[in-house]
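Chemist: So the chains spell out like this:
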Amino acid sequence: MRSGTLASPVAAVVSALAALSCCLPLGPFLLAAGSAGASGIFLSLQPYLIAFSILMLAVGFVQAFRARQCGRRRRALNVAVLLCSTGLVAAMLFGYVPASAPAGQPAVAGFQLDQFRQAFNAAADRTRVVVLLSPT
Amino acid sequence: MRDANDPTLRVFVVWEPVLITDWHAPGAGAVARIPDARVTQFWDPRRSLSQAIRRGRVVWDYVAIYPPGVRWSDAFPAPRFSGAPVVRVIDDFRRQLITGQGAAAGGS
Numbered sequence: 001m002r003s004g005t006l007a008s009p010v011a012a013v014v015s016a017l018a019a020l021s022c023c024l025p026l027g028p029f030l031l032a033a034g035s036a037g038a039s040g041i042f043l044s045l046q047p048y049l050i051a052f053s054i055l056m057l058a059v060g061f062v063q064a065f066r067a068r069q070c071g072r073r074r075r076a077l078n079v080a081v082l083l084c085s086t087g088l089v090a091a092m093l094f095g096y097v098p099a100s101a102p103a104g105q106p107a108v109a110g111f112q113l114d115q116f117r118q119a120f121n122a123a124a125d126r127t128r129v130v131v132l133l134s135p136t
Numbered sequence: 001m002r003d004a005n006d007p008t009l010r011v012f013v014v015w016e017p018v019l020i021t022d023w024h025a026p027g028a029g030a031v032a033r034i035p036d037a038r039v040t041q042f043w044d045p046r047r048s049l050s051q052a053i054r055r056g057r058v059v060w061d062y063v064a065i066y067p068p069g070v071r072w073s074d075a076f077p078a079p080r081f082s083g084a085p086v087v088r089v090i091d092d093f094r095r096q097l098i099t100g101q102g103a104a105a106g107g108s
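From first to last, the protein sequence lines stand for chains C and S. Letter by letter, the first sequence follows residues 1 to 136 of the working numbering. Letter by letter, the second sequence follows residues 1 to 108 of the working numbering.
Derived Cβ-Cβ restraints for the label pairs, each shown as a range: (1) S:95 / C:87: 47 to 53 angstroms; (2) S:36 / C:76: 48 to 54 angstroms; (3) S:98 / C:100: 28 to 34 angstroms; (4) C:84 / S:35: 35 to 41 angstroms; (5) S:36 / C:122: 16 to 22 angstroms; (6) S:54 / C:124: 17 to 23 angstroms; (7) S:57 / C:110: 19 to 25 angstroms; (8) C:91 / S:95: 39 to 45 angstroms; (9) C:72 / S:33: 47 to 53 angstroms.
Over the 10 angstroms line for every Cβ pair with chain C, so calculated as not near, a few chain S residues: (10) 55; (11) 88; (12) 95.
It is worth saying that the hints were derived from the structure and are not from the lab. Remember, it's a predicted structure, so these values are computed and weren't measured experimentally. All C-beta atoms in this analysis are idealised placements derived from N, C-alpha and C, irrespective of residue type, glycine included.
Chain C extracted, bound-state conformation (with noise of 0.2 angstroms):
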C-alpha cells in the first residue's frame, strides 16, 4: 500500500474536523490563542474545508480500488480507515443540520441576518427577547 492511500482519508478527516469545528483536535490549542476568532477563521473556511474533505474521501476510495497489489492485510487496513473516514465526515456533516423544532415552533431555521431583522422589526408591537446559546 502506498502512504497516498492511506494519506487521502486522513486528509479527509483532518480537513472535515478543521471544517467542522472551532474544537476537537486543534480545540484547546485555538482555545488557548483565543479560540474566538481562531474558530471564525474555520468557520469562514469551512465550505472549502468540506468540499475539500469530499475530494480526499473520493481520492481516497480511487487510489484504494487502484491498490490491489498490496497484501491482504494492509488492503483491510486501508478499506477500514477509508470507511472510518467516510462515516466519520457523513456524521460531521450530518450533525450540521439543525434538529426539527418542537411542537407549536417553526422549524429551526438558519440564521440570516436580514431576515431576522425584519422578524425583530414586525413583532415591534410586542415584547420580544433574544436568547443567544451554544448548543454544548
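Once you've looked at the hints, dock chain S against the given chain C.
Modeler: Same frame as chain C, but now just chain S:
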C-alpha cells in the same frame, strides 16, 4: 418562559458555536429544552447576531428583553434588560419579563 403569560410574547433563540464541542447544529435535545410555542429557534454558525450586538466580541449565554416599540434600524437596539450568563440573571430576567419594570442590568 412558562411564568410569562403574555401570549403575544415573541422569543428568538439563536444557537451559535462558541465552545470547542460546538461543531454541529443544536441537536434534538438542545432544541427540545425550549418547547414554548412563542419561540422561534435559529442556528447561526457564523455568529452574525453576536457580531451585530457587540462587534469584536462573542455574545453568548445571553438574554435580552425588548419592549414594544423598539425597532432595529442601523445598529442593534439597546434592550430594556440584558444579562449573561443566563443562569446568573435568570431571576432578574423572570422578574423583568413578568413585571416589565426596572432598568437594564449588566450585559455580557
